[in-house]
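Spelled out from the first residue to the last, the chains are:
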Amino acid sequence: MEKITFENLQETLYHEKLENGLDVYVLPKRGFSKTYVTFTTKYGSIDSVFVPRGKKDMIQVPDGIAHFLEHKMFEKEEGDVFQKFGENGASANAFTSYTRTSYLFSTTEKLYENSKVLLDFVQQPYFTEETVEKEKGIIGQEITMYEDNPDWRLYMGTIQNLYQEHPIHIDILGTEESIDKITADHLYECYETFYHPSNMVFFAIGAVDPEEMIDFVKKDQSAKTFSEPEEVVRDKHEEPAAAGVTTNRINMDVTKPKFSFGMKCNRTDVNGEELLRQELAVGLAMDILFGRSSDFYSKAYAEGWIDESYGYEFNLEKSFGFAVINSDTEHADKLEQLIRTTIESAAGDWALREEDLERARKKRIGQYMRALNSIEYIANQFTHYLFNEMNLFDILPVLEQLDGNDLKEAFGTIADPKGHTVYQITPAGQAN
Amino acid sequence: MFRKTVLQEGVTLYVRNTKQFKTINLSIKFKSKLDVEQNANRAVLANVMQDSNAVYRSQSEFQKALDALYGTVYYTDVAKRGDVHILSLNTECVNDEYLKEQGVFEEVLNLMRVVMFEPNFENDTFVDEVVQREKRVVRERIRSVYDDKTRYAQKRMLELMRPDQPASISAYGNESAVEQITADSLTAAYNQMLETDEVDIYVVGDINEDELITTISSLVDLKGRKIERTSEELAVPDVKEVRHILEKQDMKQGKLQVGYQTPITFLHPDFTKMQVANGVLGGFAHSKLFMNVREKESMAYYVNSAYASHYGIIYVLAGIDAEQEEKAVKLIEEQLEALRNGDVSELEMNQTVALLSNSIRSSFDSAKGQIEVYDQYKQLDEEFTADNLISKWEAVTKEDIIEMASNITMELVYLLSGREATE
Numbered sequence: 000m001e002k003i004t005f006e007n008l009q010e011t012l013y014h015e016k017l018e019n020g021l022d023v024y025v026l027p028k029r030g031f032s033k034t035y036v037t038f039t040t041k042y043g044s045i046d047s048v049f050v051p052r053g054k055k056d057m058i059q060v061p062d063g064i065a066h067f068l069e070h071k072m073f074e075k076e077e078g079d080v081f082q083k084f085g086e087n088g089a090s091a092n093a094f095t096s097y098t099r100t101s102y103l104f105s106t107t108e109k110l111y112e113n114s115k116v117l118l119d120f121v122q123q124p125y126f127t128e129e130t131v132e133k134e135k136g137i138i139g140q141e142i143t144m145y146e147d148n149p150d151w152r153l154y155m156g157t158i159q160n161l162y163q164e165h166p167i168h169i170d171i172l173g174t175e176e177s178i179d180k181i182t183a184d185h186l187y188e189c190y191e192t193f194y195h196p197s198n199m200v201f202f203a204i205g206a207v208d209p210e211e212m213i214d215f216v217k218k219d220q221s222a223k224t225f226s227e228p229e230e231v232v233r234d235k236h237e238e239p240a241a242a243g244v245t246t247n248r249i250n251m252d253v254t255k256p257k258f259s260f261g262m263k264c265n266r267t268d269v270n271g272e273e274l275l276r277q278e279l280a281v282g283l284a285m286d287i288l289f290g291r292s293s294d295f296y297s298k299a300y301a302e303g304w305i306d307e308s309y310g311y312e313f314n315l316e317k318s319f320g321f322a323v324i325n326s327d328t329e330h331a332d333k334l335e336q337l338i339r340t341t342i343e344s345a346a347g348d349w350a351l352r353e354e355d356l357e358r359a360r361k362k363r364i365g366q367y368m369r370a371l372n373s374i375e376y377i378a379n380q381f382t383h384y385l386f387n388e389m390n391l392f393d394i395l396p397v398l399e400q401l402d403g404n405d406l407k408e409a410f411g412t413i414a415d416p417k418g419h420t421v422y423q424i425t426p427a428g429q430a431n
Numbered sequence: 000m001f002r003k004t005v006l007q008e009g010v011t012l013y014v015r016n017t018k019q020f021k022t023i024n025l026s027i028k029f030k031s032k033l034d035v036e037q038n039a040n041r042a043v044l045a046n047v048m049q050d051s052n053a054v055y056r057s058q059s060e061f062q063k064a065l066d067a068l069y070g071t072v073y074y075t076d077v078a079k080r081g082d083v084h085i086l087s088l089n090t091e092c093v094n095d096e097y098l099k100e101q102g103v104f105e106e107v108l109n110l111m112r113v114v115m116f117e118p119n120f121e122n123d124t125f126v127d128e129v130v131q132r133e134k135r136v137v138r139e140r141i142r143s144v145y146d147d148k149t150r151y152a153q154k155r156m157l158e159l160m161r162p163d164q165p166a167s168i169s170a171y172g173n174e175s176a177v178e179q180i181t182a183d184s185l186t187a188a189y190n191q192m193l194e195t196d197e198v199d200i201y202v203v204g205d206i207n208e209d210e211l212i213t214t215i216s217s218l219v220d221l222k223g224r225k226i227e228r229t230s231e232e233l234a235v236p237d238v239k240e241v242r243h244i245l246e247k248q249d250m251k252q253g254k255l256q257v258g259y260q261t262p263i264t265f266l267h268p269d270f271t272k273m274q275v276a277n278g279v280l281g282g283f284a285h286s287k288l289f290m291n292v293r294e295k296e297s298m299a300y301y302v303n304s305a306y307a308s309h310y311g312i313i314y315v316l317a318g319i320d321a322e323q324e325e326k327a328v329k330l331i332e333e334q335l336e337a338l339r340n341g342d343v344s345e346l347e348m349n350q351t352v353a354l355l356s357n358s359i360r361s362s363f364d365s366a367k368g369q370i371e372v373y374d375q376y377k378q379l380d381e382e383f384t385a386d387n388l389i390s391k392w393e394a395v396t397k398e399d400i401i402e403m404a405s406n407i408t409m410e411l412v413y414l415l416s417g418r419e420a421t422e
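Protein chains in written order, with numbering that gives the first Met the number 0: chain A, 0 to 431; chain B, 0 to 422.
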C-alpha cells in the first residue's frame with residue numbers, strides 16, 4: 000500500500016494496484032459520517048469503435064451503447080440491484096460520460112456489505128434479449144426528456160457544430176434508432192473489452208479506514224477469476240482544427256432566445272502534467288476575460304445582453320477540448336460581437352495585467368479548496384484526472400507556477416476564429 | 000448541534016465549530032410572511048444587495064474584492080417554507096489555515112456588515128439604474144420557468160391545486176408585482192426587513208465560538224423585534240371528482256403530475272409516519288413507483304413521489320409518452336392502493352427507513368446541509384438531531400403506513416405535452 004500525503008491540503012491518499020490491474024484508492028475524511036464509493040471504467044460514449052478483447056479487427060457498435068450497458072448492469076437474474084443497496088441503506092447511482100462509466104453509492108452504514116454489492120454487480124454481467132428489449136422504452140423516455148431540455152440541446156448543438164468527425168458530436172445516449180439496434184451480444188462484447196479490472200478504478204472516500212478497505216477489495220478480487228490484463232485498442236479520433244459548422248439555429252418552445260458560442264481547442268494531443276497546465280491556464284484566461292469581474296461581463300450585463308443564465312466553461316481531455324460561453328439573450332448579435340472582440344484583444348498582443356492574473360489565481364485556489372469539501376467532487380474528479388494521467392492534488396502547485404505567458408499561449412489554443420461557432424435556439428410554438 | 004445565542008429578541012445566532020471543512024460558511028436569514036408584493040420586492044432586493052454596496056459601488060468592483068479574498072463566494076437568494084419567505088445572504092471563504100495569508104475571515108465578516116448595513120444608496124434610496132436592471136433580471140427569471148418543462152408542469156399543478164395560497168405563490172412574486180417596484184418601494188422593503196424580520200444567523204467552520212459570538216454581536220447592529228407567527232387555516236378543496244387538466248406546448252415528452260391532498264402536514268404529530276409512507280411509495284429507486292412503473296412496465300425514465308409537507312400535498316411526477324397517460328395514472332394509483340391495502344413488505348419498510356436515515360445523515364456532510372436541515376427542523380425541536388428523527392422513522396409500523404395511505408386523496412391529474420387537448 001502506497002501512502003501519499005498532501006501536507007498543504009491536510010489530506011492523505013492511499014493507493015494500491017492489485018494483481019489483476021485494478022487501481023484502488025482510499026481517502027479518509029475526518030468528521031464525515033458518510034462514505035462515497037465509485038467504481039469506474041475508462042469507457043464512455045466515444046468508444047464505439049474498438050478491437051474486441053481476443054479479436055484482431057476493429058468493429059463499430061451502435062451509438063449510445065456505453066450508456067445502455069450502464070443501465071443494464073443494474074438488472075440481474077435475481078432482480079434489481081437497487082433493492083440490495085436499499086436494504087443496506089445505501090443510495091446508489093451511475094453515470095456515463097464521453098470517456099467513462101461510473102457506478103457509485105453513498106452510505107452511512109454497512110460500508111463493506113455495500114462495497115461487496117458494488118463490486119459484484121459490476122463484475123457479474125447478466126444480459127438477455129428480453130431484458131435488453133425492455134430497457135429500450137426507458138431509455139427512449141430518457142432521450143425525449145433531453146430533447147425537450149433547451150439548455151442541453153444548446154450545449155449538445157454547440158459541440159455538434161464544433162466537431163465533424165470525433166464521436167463527441169454524438170449524444171451520449173445515442174438516438175432512438177441507434178439504441179434500437181443494440182443486442183445482448185453487443186453488450187457482452189463491450190463488457191468483456193472495457194470492464195476488465197485493469198481498465199478500472201475503485202475509489203472510496205469519507206468515513207473509511209484505508210487499510211481495511213484496501214484489504215477488503217484485494218480479498219474480493221483475488222477470489223474472482225479474470226483473464227490477463229490487455230491494453231484496449233481504440234479508434235484514433237482524428238479531427239480537423241476548424242469548426243464543422245460556423246452557425247446553426249433551431250426552434251423550441253421557449254420564451255427567450257438562447258445563445259451559445261463555442262471555441263474548439265487545437266491542441267488536444269497532450270496528457271499528464273502538460274494537459275493539467277493547459278487546462279488550468281485556459282481556465283484562468285477565461286476567468287480574466289469572461290468572469291464576473293471582467294470588463295466583458297460588466298458591459299454585457301449592464302447592457303442587458305446577458306442575464307442570470309450566463310455561464311462559461313472549458314473542457315479538455317485527450318483528443319478533444321472546447322470552451323463554451325452561453326446566455327439567454329435578446330441581443331445575440333451584439334453579444335457575439337463583444338465576445339469576438341474580447342477574444343481578439345487577447346489573441347494578439349494581450350496586455351495582461353499582473354494584478355488580474357493574481358486575482359484570478361486566488362479565486363481559483365479558493366474555488367479548489369471549496370470543492371475539496373465535497374467527497375463526491377474528489378472521487379469523480381480524481382478518477383477523471385487519473386484517466387488522463389493527471390493528479391487532482393497537483394492542481395495547487397501547478398496553479399502557483401502559471402505566469403502571464405502560459406496564459407497567453409494556452410488561450411491561443413482556443414482563439415482561432417476558424418475554430419469558433421454559434422448555436423442559437425429561437426422561441427417558437429406557444430411561447431412565441 | 001448549533002450553539003445558540005439570542006443577540007436581541009428575534010435576532011438569533013447559531014454557531015458550530017467543526018474541523019470537517021476547509022471553508023467557513025456564514026448565512027444570514029431574514030424571515031417574513033409570504034406575500035406576492037413583498038416577495039417581489041425581496042427578490043429584487045436580494046439581487047440589489049448582491050450587486051453592490053456603499054464600499055464597492057459596482058458589481059465588478061465588488062466581485063474583484065471577493066476574488067482577491069481567495070475566491071470568497073457571496074450570494075443572496077430567496078426561498079419559501081410554508082407561509083414564510085426567507086431572504087438569505089450567504090458567504091463562504093477558505094479557512095486561513097490553508098492559505099498563505101491571514102485575516103481573510105475577518106475581512107469577510109466586515110464585508111457582510113457592509114452588505115447588510117451600508118447599501119449602495121444615493122440620497123437615501125437605492126440607485127434607480129441598479130433597481131431597474133435587477134427588476135428586469137428577476138422578471139426574466141420568473142418567465143424562464145416556462146422553458147424548463149418539468150418545473151413548469153410542477154408550477155402549474157400547484158397553481159391549479161392551491162390558487163393564491165402559499166403552496167403556489169412564488170418566492171419571487173410575479174411579473175406584475177416586480178413591474179411595480181420603484182427605488183423608493185425597494186428602500187422601504189429594505190428598512191422594513193432590517194426592523195421587523197425574524198433574523199437567524201448561522202456560522203459553520205473551524206472557528207473559535209466565544210470570540211465569534213462577541214464579534215458578531217458587535218457587528219450586527221439590529222434592534223429587538225417581536226415575532227408573531229399566526230398561521231391561517233387555508234381552504235382545502237373538497238374532492239368530489241378528480242380534476243383532469245391537459246395543457247399543450249411544442250414538446251416531445253409528456254410531463255405528468257398527479258396531485259394528492261393530505262391533512263398530515265409538517266407540524267402534525269404523524270409527520271414522520273407520512274415521510275416513511277411517501278418513501279415506500281416513490282421516494283427512492285427501490286420504491287413501488289420506480290419498481291413497477293419504470294422497471295416493470297418500462298413506461299418512464301423518471302417517476303417518483305414527493306411530499307410537500309408544509310402544504311399538505313403529495314405529488315407524483317413522471318416523464319411519459321403522452322399517449323400512455325391513462326395507463327400511467329392507473330399504475331400510479333395501483334401503487335398507492337397497495338399501500339392502503341397493507342401490501343407492504345418488511346423489506347420495503349426497512350429499505351425506506353435505511354435510505355431516509357442515510358439521506359439525513361449525509362446532508363450533514365456539507366455545511367450548507369447542516370444549516371438548511373437544522374433551520375427547518377428546529378421549528379419542531381430546538382434540540383433536533385438526526386438520530387432523534389431516525390428513531391421516529393424506525394418506530395413506524397405497517398399499520399401506520401396503511402393509515403397514512405388512507406389519508407392521501409387524489410385531487411388532480413395534470414399533463415403537459417405536445418398532445419392536443421381532446422377533452
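Simulated from the structure, these hints should not be mistaken for laboratory data. Positions of the beta carbon are idealized from the N, C-alpha and C atoms, including for glycine. Hints are not guaranteed to be accurate.
Stated by the list, open to error - DSSO-like, lysine-lysine: derived pairs with alpha carbons at most 27 angstroms apart:
no., chain 1, residue 1, chain 2, residue 2
1, B, LYS295, A, LYS133
2, B, LYS63, A, LYS407
3, B, LYS397, A, LYS133
4, B, LYS18, A, LYS109
5, B, LYS329, B, LYS377
6, A, LYS133, B, LYS329
What the hints assert, rightly or not - Simulated restraints, written as ranges between beta carbons of each label pair:
no., chain 1, residue 1, chain 2, residue 2, range
7, A, VAL48, B, LYS329, 42 to 48 angstroms
8, B, GLU60, A, GLY30, 35 to 41 angstroms
9, B, LEU379, A, GLU357, 47 to 53 angstroms
Tested hints:
| no. | hint | verdict |
| --- | --- | --- |
| 1 | B:LYS295 <-> A:LYS133 | 8 angstroms, holds |
| 2 | B:LYS63 <-> A:LYS407 | 21 angstroms, holds |
| 3 | B:LYS397 <-> A:LYS133 | 32 angstroms, violated |
| 4 | B:LYS18 <-> A:LYS109 | 25 angstroms, holds |
| 5 | B:LYS329 <-> B:LYS377 | 39 angstroms, violated |
| 6 | A:LYS133 <-> B:LYS329 | 20 angstroms, holds |
| 7 | A:VAL48 <-> B:LYS329: 42 to 48 angstroms | 44 angstroms, holds |
| 8 | B:GLU60 <-> A:GLY30: 35 to 41 angstroms | 36 angstroms, holds |
| 9 | B:LEU379 <-> A:GLU357: 47 to 53 angstroms | 48 angstroms, holds |
When each numbered hint is compared with the structure, violations occur for hints 3, 5.
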